Amino acid sequence: LLLAAAGIAYDAMRRLLAPEELLVPGLLALLGAVISVLANEGLTQYTLR
1 LLLAAAGIAY DAMRRLLAPE ELLVPGLLAL LGAVISVLAN EGLTQYTLR
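Numbering-wise (the working numbering), the sequence shown opens with residue 1 and increments by one.
Hints were generated in silico from the structure; no laboratory data involved. These numbers come from a predicted model, not from an experiment. Careful, some of the hints might be misleading.
[What the hints assert, rightly or not] Pair ranges (Cβ atoms, derived): (1) LEU31 / ILE8: 25 to 31 Å; (2) VAL34 / ASP11: 24 to 30 Å; (3) LEU2 / LEU28: 28 to 34 Å; (4) LEU48 / LEU2: 40 to 46 Å; (5) LEU3 / ILE35: 31 to 37 Å; (6) LEU2 / VAL37: 31 to 37 Å; (7) LEU3 / GLY42: 38 to 44 Å; (8) MET13 / SER36: 26 to 32 Å; (9) GLY42 / GLY7: 34 to 40 Å; (10) LEU22 / LEU2: 21 to 27 Å.
Every residue, glycine too, gets a C-beta built ideally from N, C-alpha and C.
Using the sequences and the hints given, assemble the complete structure.
Written as structure tokens, this is what we have:
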């Protein structure tokens, strides 16, 4: 578990220090985020009533 955490931290630092390697989210990620926000807002409104 510690090795996995170290690997993730190493990869994150490497990508932060080399911005040309940053991954750009696509349209599918944007669509997923919008659906998630709308679903959460709907559940919040339903719960408050």
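Verification of the hints:
| no. | hint | verdict |
| --- | --- | --- |
| 1 | LEU31 / ILE8: 25 to 31 Å | 26 Å, holds |
| 2 | VAL34 / ASP11: 24 to 30 Å | 28 Å, holds |
| 3 | LEU2 / LEU28: 28 to 34 Å | 33 Å, holds |
| 4 | LEU48 / LEU2: 40 to 46 Å | 42 Å, holds |
| 5 | LEU3 / ILE35: 31 to 37 Å | 35 Å, holds |
| 6 | LEU2 / VAL37: 31 to 37 Å | 35 Å, holds |
| 7 | LEU3 / GLY42: 38 to 44 Å | 41 Å, holds |
| 8 | MET13 / SER36: 26 to 32 Å | 28 Å, holds |
| 9 | GLY42 / GLY7: 34 to 40 Å | 38 Å, holds |
| 10 | LEU22 / LEU2: 21 to 27 Å | 26 Å, holds |
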